[in-house]
Structure formats: C-alpha cells, structure tokens
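Peer 1: Given only the sequences and the hints, what does the whole structure look like? Please build it.
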Amino acid sequence: MSDAFDHSALPDDELLAAEYALGVLSGAERAAAEQRVARDRGFARLVAEWEQRLAPWAAEIPDIVPPPQVWDRIAGALPAQSQSGGLWQSLAFWRGLSFAAGALAAACLAALIYLGALTQQQPLVATIEGDGHRHFVATIDAKRGTVAVVPAAFSADATRVPELWLIPADGKPRPVGLLRADRTVTLTLPAELAALAKGDAVLAVSLEPPGGSTTGLPTGPVIATGKLTSL
Amino acid sequence: MDLDANRSLIAAALGRIPAGDRTALQTVYRLTSAKLFGVCLRILGERGEAEDVLQEVYVTVWRKAADFDASRASPMTWLIAIARNRSIDRLRASRLSRNMTPIDEAGEIADGTATADRALEGLQDHARLHGCLDGLAKHERTALRGAFFDGNTYEELAARMTVPLGTMKSWIRRAMIKLKACLEQ
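Just so you know, the sequences run in chain order L and G.
Each residue of the first sequence is one higher than the last, beginning at 1 in the working numbering.
Each residue of the second sequence is one higher than the last, beginning at 1 in the working numbering.
Wrong hints could be hidden among the right ones.
Within a straight-line C-alpha distance of at most 20 Å, the following computed SDA-like cross-link-like pairs (lysine to any residue) qualify [to be verified]:
1) G/Lys178 - L/Pro11
2) G/Lys64 - L/Ala48
3) L/Lys227 - L/Asp157
4) G/Lys180 - L/Gln52
Don't read these hints as lab results, they were simulated from the structure.
Peer 2: And the structure:
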C-alpha cells in the first residue's frame, strides 16, 4: 500500500467490511468479500453494521414507483406452489392465511378506533390546470394516506414524464411521485406529507426526465398547478 | 402511515415469507418497492436495467428472508443493502456507462439534505449521519458520495477526482474510520 496513513484505528476485517458495504471493491476482491459474508458470521455482522451506518443516506434518493409489470415478473419467477408438499405445505399455507386474517382483523379494529378518534376528515381535491387546460384531477385520502391522480387533458411527451409535487404553506416542493398520461395513478402519501396536505397547499406537475427528478426538486418546467380544496 | 408502524409491518411480512407466504412478499413489495427502485435507478441510471435488478432483488428477498433478523437489523437497511449490492453487481458485470463525470471539490454533487424527508424510518439516523458526514473533509465526503450513490469503484473514483489510486484508498479508509468514530459518539 502506497499510502502512509495509519489504519490501525480499525482492524483489517473491519476496513474490508466497510469497503464491501460501501461498494468500492471490484472484481476478485468484491467476489471474495461476498463469499466471506456467506460463510463467516463475524464478518457478515461487521458488514451489516456498516450497512446500518450507511443506509440512512438512501433517504436522499427519491422514491420512484416501478411499473406494474415488475411485480408480475417477480410473481412469475417465484417457485410454483408445490402440490406435493402435502400436510406440511398446507399447514404452512393455513398458518399463513390465519396470520393474514388475524392481521386484517387487527388492522380493521385499529382503523375503527382511529376513525372513532378522529373528527371526520373530508377528502381534498385539486384540479391541476395550466395553459388553459385541465391536465389532471387529484383526490387526497388523508385517512388512507393516498393520492389518486386521474389524467384529463394531459398529453404524453415522448422524452419526459409528469411528476407530482406537493407545495405546502412553506413554498417548498415535496416530490410525491410519477404520473401517467394513460391511466389513473394512486400514490402513497407518507404521514409527514399527508400532514402537509391541507387546504392551503398546492399540487403541481412538472416534466422530468424518465425516472423523475433526481434532485428532490423540479428540474423541468412546471406545466400545471392546482390548489387543494375540501369536497 | 406512521413510520414505526410501517417498519413493523415490513418486518412482520418478512417474517412470514420463509413459510412460503406470497402475499407477505407482495406486502413487502408494496411498502418498499418505490424506495428500492429509486436506489437501483440511482446506481444504474437506466430504467430497463433497474427494473431487471428490482426483480432480482425481490426474488432474493423471497429466498433469503429467513436470514433477516428483526431483533438485530432494520428491515429497510437490510432491503437497501440487497438493492445496492444487486445493482452494483449488475453495474460491474455490464457495459453500462457509469457516472464518470469528473468531480472536484468545487463541483461537489448537490447536497440532498432537503429531499431526505421520505420513506425511511430513520429521520434521526439520517440527521446523525449527515452531521458526521459534515465533519469529514470535503474531498472525503465527495468520494464517499460517488461510491454510495453512483456505485463507483476505487479506480473509478480515483479517475473522477484525478488522484492516484493509493490516495483514493487512503481518503476513503480515513473517512470510514472518522465516520464510525463520529457515529459511535
């Protein structure tokens, strides 16, 4: 090693784990580290600790909803549900089902309690218009934390995609997700965004490169806006 | 949805996958795919490739869910690590053009602090990491960013920042040592 820096503050294994978790290794070095993760629990734990340290950085990467066919391909790639698994297979299946049913019941109960505790929340709507055209109509369901966006007069652009932004009272746009010209898109609204979606907030649509803005702010032209109002 | 509740939902769904529960995988996908697709797309820079890798990621989750230990790790950390590793493997194996835009200290990639308000449970973790990153020298932070967000190797980072390979290794290692010490305070 040509550098004079003293690495003694971290043992070699710990440095290798950090390099692997960060992703700077290549070729044989990366392959060797990967194999070590699989067979050396101590090393795997060091890697996991580094992943834990670095993971919060991913909060800076905007969420991008993948196209629906990705899930279809995943479902298709899973092993076929075995018929020959017999009792064990069906036990696991029924156990899974009762788990799911239990979770559903718990979720319903929680929803009822939640609803009971809230004063009635009205959905919010926004007609997103620009240049004299009504481009999209958005409905926010704050209870479920979703925003459904129906395309109206918006016509697709071959090179750019429409991205939805929520602009609350502070005037700072928050990315919500990508829209489609050809069908309704339902996006999830994280709790902190849902809390900002009030009567004084504005929804805006900008045109972005495929995949959406990577800066967290609109990079392309804002083509339409609409104020949120209670139904 | 409350972010802690989200975290428990993901962890609980991961726990049901080893029994062969496909709806559990679908739940994990519904709650996390937008974040993980963002991660894959950021590293790969190409939508088709990112979709392929995202598929690999969830098939890996299906196969390896039994390895996830909710008492030791956060589910998002575990999932993000899989998404980054699969994306980096794909990047290394392919001829995809990497982000090799020269970077120097003046041209530090725009700081993303303002966008860090979504999806991950660890807002405090993020603030803490950011505080520690701010304590690094600017060239160290820039090199770490290139590795984390662009999937660059030591060699690529050395080329982007026009320094010898040994210098780059030294920068990154020194940065990691400082980062660990700061995060443990």
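Peer 1: Next, verify each hint and record whether it holds.
Peer 2: For each hint, the structure was consulted:
no.: 1; hint: G/Lys178 - L/Pro11; verdict: holds, 14 Å
no.: 2; hint: G/Lys64 - L/Ala48; verdict: holds, 15 Å
no.: 3; hint: L/Lys227 - L/Asp157; verdict: violated, 24 Å
no.: 4; hint: G/Lys180 - L/Gln52; verdict: holds, 11 Å
The structure shown violates just one earlier hint, number 3.
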